[in-house]
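Taken in sequence, the protein lines are chains A and B.
Numbering-wise (the numbering used here), the first sequence opens with residue 1 and increments by one.
Numbering-wise (the numbering used here), the second sequence opens with residue 1001 and increments by one.
Calculated directly from the structure, the hints in this document are not laboratory data.
Remember, predicted model here, so these are calculated numbers, not experimental data.
Beta carbons are placed, not taken as given, at the ideal position from N, Cα and C, and that holds for glycine.
Accuracy of the hints is not assured; some may be wrong.
As the list claims (entries may be wrong) - Only some residues are given here: those of chain A computed to face chain B with a beta carbon under 7 angstroms: (1) Ser-231; (2) Leu-336; (3) Asp-340; (4) Pro-346.
Claimed, not checked - Think about it this way: if two alpha-carbon atoms lie no more than 20 angstroms apart in a straight line, the pair counts; the simulated SDA-like pairs of lysine to any residue are: (5) B:Lys-1052 x A:Ser-98; (6) B:Lys-1052 x A:Asp-112; (7) B:Lys-1319 x A:Asn-342; (8) B:Lys-1076 x A:Leu-171; (9) B:Lys-1319 x A:Asp-112; (10) B:Lys-1131 x A:Asp-87; (11) B:Lys-1078 x A:Asp-245; (12) B:Lys-1032 x A:Asp-87; (13) B:Lys-1177 x A:Ile-350; (14) B:Lys-1032 x A:Asp-245.
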Amino acid sequence: MALTDFSYVRQEMAPPKPAPASEVGVIHWLRANLFASVKDTILTLAAIALLAYTLPGIIQWLFIDASWTGVDRKACATISQGGILPDGQSGACWAFVSAKFEQFIFGRYPSDLYWRPLLVMAMFVVLLIPMLMPKAPYKGWNALALFIILPFVSFFLLGGGLGLEPVETQLWGGLMVTLILSFFGITVSLPFGILLALGRRSNMPVIKMLCVLFIEIIRGIPLITVLFMASVMLPLFLPDGWTFDKLLRALIGVSLFSSAYMAEVIRGGLQAMPKGQFEGADSLGLSYWQKMRLVILPQAIKLVIPGIVNTFIGLFKDTSLVYIIGMFDLLGIVTLNQSDANWSTPVTPITGYVFAGFVFWIFCFAMSRYSLFMERHLDTGHKR
Amino acid sequence: MKKTILSAAIGAAVLGAASAASAATLADVKAKGVVTCGVSQGIPGFSNPNDKGDWSGIDVDYCRGIAAAVFGDPTKAKFVALSSKDRFPALQSGEVDVLTRNTTWTISRDTSLGFNFRTVNYYDGQGFMVKKSLNVKSALELSGAAVCVQQGTTTELNLADYFKANNLQYNPVVFEKEADATSAYDAGRCDVYTTDQSGLYAIRLKMKNPDENMVLPEVISKEPLGPAVRQGDDQWFDVVSWVHYAMVNAEELGITSKNVDEMKASGGPDIKRMLGSEEGTKIGTDLGLTNDWAYNIIKNVGNYGEVFARNLGPETPIKIERGLNALWNKGGLQYAPPIR
């Protein structure tokens, strides 16, 4: 006799019941994430209160009370300040940003030649995107084009020569200079940093000492000091009448700097490698460079991606220091334009800084997200 | 490997011929085809960028005047932005040919720094701005005040002298950039803001409530602002000086950029002499320039009054009256030796 012969035994499975209301949907999410415990609830309420306190003011200032159009300071100043806005109103002066937008991007680059930086930018994007995609083919050619050929091409495109009208670096500025400096610094610092890190761990005493000296001296001086020396002292040592391009001074200073920092980041990765990896590579009969290239560095660099990106982001923001040697990067040109009496109002400086901060944030945030993506993509060895 | 890259880079970056900057600046400038002027990193009305990204201001126009005198073309001027700290090394090293960066003429700058000053394109003086709510009527009541001031300027030194001479205590709050000092004052970090009076006019534009601030009556220093050149090059020094004198003389004679052409043809003898239309004149060539040097300045840049009105005068947002900078025959100090 089978169980199914009993009339009180069910013949088919009961349909599943929906999860209780407290385990799904918005309410569950709120409970799990915002109101899980008394402490959470208090913190959530405090955060909501803080947002409610600040956000309306910020939105009001940034958008609602802001001046979007205008040709001079009158658009952004109140009546008592000599403008057209009602007294007491204070909002962002986006008209200032829009009037100066081209300067913020290109500096004082001649406006009829904007196609040159734009072309460089387009080439950069076209080459960078496949470089950033792990699955895109021809990585070697791509890297050659991006890191070796592009800098030379853009040097001539931006600076002129070979039949193009010359544009002195004195006229370069804005976001363009920020990107040039940081791209150059990043491109140079990674290979040099790797070499310095390997040199520092080398068994050859002279190489080791030179690398240690370089790293420790450069790390021991603030970037601002190096730039200042290069800008103020260097011309006094050079023969009369020799001038040394300021952008190049900044490029060299920034690259030396980031190389030293990068070396220490990479060294951290090298030190985290178990000795077995070195010995294993040796036992396969690999030469030093083969060992490093095929076994050690791929693992070591993967370990220190957050540190590398940290250095890149720091470098990107440090480029603002070139202001002290009279170059105008994005932040520098924003500050410079605050001295234009036609636009000088109480809100102009803040608006300029908000704009510059937002642009910096976009780039830094993008770098940070990309590094997270790379970490996940490369996280093969230690995944559990 | 690094060394070769570095030396190649240095080699590529050394611009222009390695000519001696100490003498014959005029010849160098003519050879380069451009006059290089040191300007500020943004001082309203003196040197600041406009919407198109071009420099404008009274110092910038002075530099364009030099370019017009030398080349007949005001666009052959190149501007190097210098902070108040690195302006002097830049001139000493020959990075700039002339410093038109509202620099105060003092004896130590004239002697120990190795510069020459002769003309003053703006007579300034240091003043104090305070909030009306402080209820202060004189700078002598400022004991214990926090004073916002820009670093590395004569302003900072005058401030120290003035308070010491009057036995007053004060807390200097020092900023590298003018803009930072002014916004700090407006935000209430200091009770007093001090700079040259031209700067006090400009800062009013940035105030939330300009009417709640007042300028104290004391003017505690003389700030003759003018161009500086390196010592030991009298010809270049003469060129730079006479550019200013030509602009001042033009205003005195009523020559403007608009009427200069008809003045050149039909003006009186002194006007014709100045504009180079006198028979057999050698004034311009003796200066190392062409005989229409002054014509070129006035035609392209304007006379002193026009330059002042365009950059600082009541028509601009800065709204500075001529005051000390009026012509000598109108109660001011602008006085130019005759061109003859």
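Results for each hint:
no. : hint                   : verdict
1   : Ser-231                : 6 angstroms, holds
2   : Leu-336                : 5 angstroms, holds
3   : Asp-340                : 5 angstroms, holds
4   : Pro-346                : 5 angstroms, holds
5   : B:Lys-1052 x A:Ser-98  : 12 angstroms, holds
6   : B:Lys-1052 x A:Asp-112 : 12 angstroms, holds
7   : B:Lys-1319 x A:Asn-342 : 12 angstroms, holds
8   : B:Lys-1076 x A:Leu-171 : 14 angstroms, holds
9   : B:Lys-1319 x A:Asp-112 : 33 angstroms, violated
10  : B:Lys-1131 x A:Asp-87  : 19 angstroms, holds
11  : B:Lys-1078 x A:Asp-245 : 14 angstroms, holds
12  : B:Lys-1032 x A:Asp-87  : 53 angstroms, violated
13  : B:Lys-1177 x A:Ile-350 : 15 angstroms, holds
14  : B:Lys-1032 x A:Asp-245 : 16 angstroms, holds
Consistency with the previously given hints fails for numbers 9 and 12, ordered from lowest to highest.
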